[in-house]
Amino acid sequence: MFGYVNIYKPELKMKQYDKYKAYYCGLCRTLKEKYSPLGQVTLSYDMTFLVILLTSLYEDPVRLSRHRCIAHPTKKHPMLQNSISEYVADMNIALTYYHLLDDWQDEKSIIGLTGSTLLKGYYKRIRKEYPRQCKAIEKGLKALRDCEESNEVNIDVVSRCFGEMMAEVFDYKEDLWGEGLRKVGFYLGKFIYIMDAYDDLEEDIKKKQYNPLARMSRDKNFDSKVKAMMTLLLAECTAEFEMLPCLIDVEILRNILYEGVWSKYLNKQKEKGTKKGQ
Amino acid sequence: MINDPYSVLGVSPSASNDEVKRAYRELSRKYHPDSYVDNPLSDLAEEKFKEVQEAYDMIMKQREGGYSSWNTSSSQSSNYSSGSGEEDVRMQAVANYINSRHYIEALNVLRSINNRTARWYYYSAIANVGIGNNIEAMDHAQRAYMMEPGNPDYANLVNQLQWRTRRYQGSSVNSGSGYGMDDLCCDLWCADTCCECMGGDLIPCC
Numbered sequence: 001m002f003g004y005v006n007i008y009k010p011e012l013k014m015k016q017y018d019k020y021k022a023y024y025c026g027l028c029r030t031l032k033e034k035y036s037p038l039g040q041v042t043l044s045y046d047m048t049f050l051v052i053l054l055t056s057l058y059e060d061p062v063r064l065s066r067h068r069c070i071a072h073p074t075k076k077h078p079m080l081q082n083s084i085s086e087y088v089a090d091m092n093i094a095l096t097y098y099h100l101l102d103d104w105q106d107e108k109s110i111i112g113l114t115g116s117t118l119l120k121g122y123y124k125r126i127r128k129e130y131p132r133q134c135k136a137i138e139k140g141l142k143a144l145r146d147c148e149e150s151n152e153v154n155i156d157v158v159s160r161c162f163g164e165m166m167a168e169v170f171d172y173k174e175d176l177w178g179e180g181l182r183k184v185g186f187y188l189g190k191f192i193y194i195m196d197a198y199d200d201l202e203e204d205i206k207k208k209q210y211n212p213l214a215r216m217s218r219d220k221n222f223d224s225k226v227k228a229m230m231t232l233l234l235a236e237c238t239a240e241f242e243m244l245p246c247l248i249d250v251e252i253l254r255n256i257l258y259e260g261v262w263s264k265y266l267n268k269q270k271e272k273g274t275k276k277g278q
Numbered sequence: 001m002i003n004d005p006y007s008v009l010g011v012s013p014s015a016s017n018d019e020v021k022r023a024y025r026e027l028s029r030k031y032h033p034d035s036y037v038d039n040p041l042s043d044l045a046e047e048k049f050k051e052v053q054e055a056y057d058m059i060m061k062q063r064e065g066g067y068s069s070w071n072t073s074s075s076q077s078s079n080y081s082s083g084s085g086e087e088d089v090r091m092q093a094v095a096n097y098i099n100s101r102h103y104i105e106a107l108n109v110l111r112s113i114n115n116r117t118a119r120w121y122y123y124s125a126i127a128n129v130g131i132g133n134n135i136e137a138m139d140h141a142q143r144a145y146m147m148e149p150g151n152p153d154y155a156n157l158v159n160q161l162q163w164r165t166r167r168y169q170g171s172s173v174n175s176g177s178g179y180g181m182d183d184l185c186c187d188l189w190c191a192d193t194c195c196e197c198m199g200g201d202l203i204p205c206c
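For the record, the sequence lines run as chains A and B.
What the first sequence shows, in this note's numbering, is residues 1 to 278, in sequence order.
What the second sequence shows, in this note's numbering, is residues 1 to 206, in sequence order.
These aren't lab readings, by the way, just hints derived from the structure by calculation.
Accuracy of the hints is not assured; some may be wrong.
[Unchecked claim] Here are the simulated DSS-like pairs of lysine-lysine, each with C-alpha atoms no more than 25 Å apart in a straight line:
1) B:50 - A:75
2) B:30 - A:173
3) A:108 - A:268
4) A:264 - A:208
5) A:268 - A:207
6) B:48 - A:275
7) A:227 - B:48
Only a predicted model underlies this, so the values are computations on that prediction, with no experimental measurement involved.
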């Protein structure tokens, strides 16, 4: 995953930041417990957001523990874990497995081959437990490949492949909140896809690889057009989010959806600004 | 249908979203079917549980401004009859599909029509919103509006599509980080249309 769905630290209170970190470390811990240190490597901010969202909505009790970890071996860190971190860890492995497999088939990447081979056993087990989500991931990535091959330029068509995958992953239990969660996931997924395409644009153009924004990037006001598109998606995403009865940690969730998701875009703008200034 | 969803949740209509959510949480815990297994009151509790659910949905939908009430009666459009008879029939089919929420079918028929009038873009925008293609929807709604600026349906559609964006940007402004007020006017490629169709009142600084 990509890590765009992150917090905006300056606006968070200290205790909220500590709690966010505890969720993040908790997910990392769950990945390690279930899927060895290899699983830990797949940890992402995007998936931490899902843990906090589902925990807030389902008010699932959390266990607090303190552990050392490889990244911070000297100090013990607080970690929050629950049954949702287990679900999200499973989804994370499934998404990573398919992503790696795709890289291997697509670019003959060695990391892709090695990674997907190593994760294959885990994936098979997850697929048995969550066939609905795993089928959606397979279908979404196949649809993305088709878009690449046909050089699709309609951004709605391309990004919805990723949005539909996320919709299924966000729909934790297919219950009365399922529809709302699907919509949050769908629009957030579309946002992530476009943000990623925007982030990779220069490199894709240089390497002559497919990028759905390539044609549009020649327009004037390209940056503000992309921003307007992403705003439109986040507006839908948050409208659906605000209708869900989330109360616990809602400040963290809002910080991410209204501020944090723009970090990468703003950094990119800064980079462009300095390049022009030189 | 519930008459007064606020009284079901026991909150006032001026309650904040979070207060509504808190009341909803409390009541749905109280009436949750799991707490009434083998209890003679279980039917009553289930009914209450559903009522609470419905009241909550009603309030949230009202507050978040869901999309509603598109005008698909063709008599509204002045340029409408310029197409061939065959195309009139197809446009009517599109309107019917939209009214019954069959958006994919509506888009399929739209694709078969070559004469892209303002009405065509209007319908295409509505159908695209329906399936979550909101980028294309915004683009087409604006085309319809630019082709026939005097048509209240088109202006209304553009305005409705921008409602959530304004709410989102308003919320970001409140918490005041890098994504703020300066961007509100200059960044949306639709800002002009939005100001015009709202009589210039919407974003005072435009």
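To see whether the hints hold, each was checked on the structure:
1. B:50 - A:75: 49 Å, violated
2. B:30 - A:173: Holds: residue 30 of chain B and residue 173 of chain A sit about 21 Å apart, inside 25 Å.
3. A:108 - A:268: 29 Å, violated
4. A:264 - A:208: 23 Å, holds
5. A:268 - A:207: 19 Å, holds
6. B:48 - A:275: Not satisfied, since the Cα-Cα distance of roughly 62 Å exceeds 25 Å.
7. A:227 - B:48: The hint is violated at about 44 Å.
Consistency with the previously given hints fails for numbers 1, 3, 6, 7, ordered from lowest to highest.
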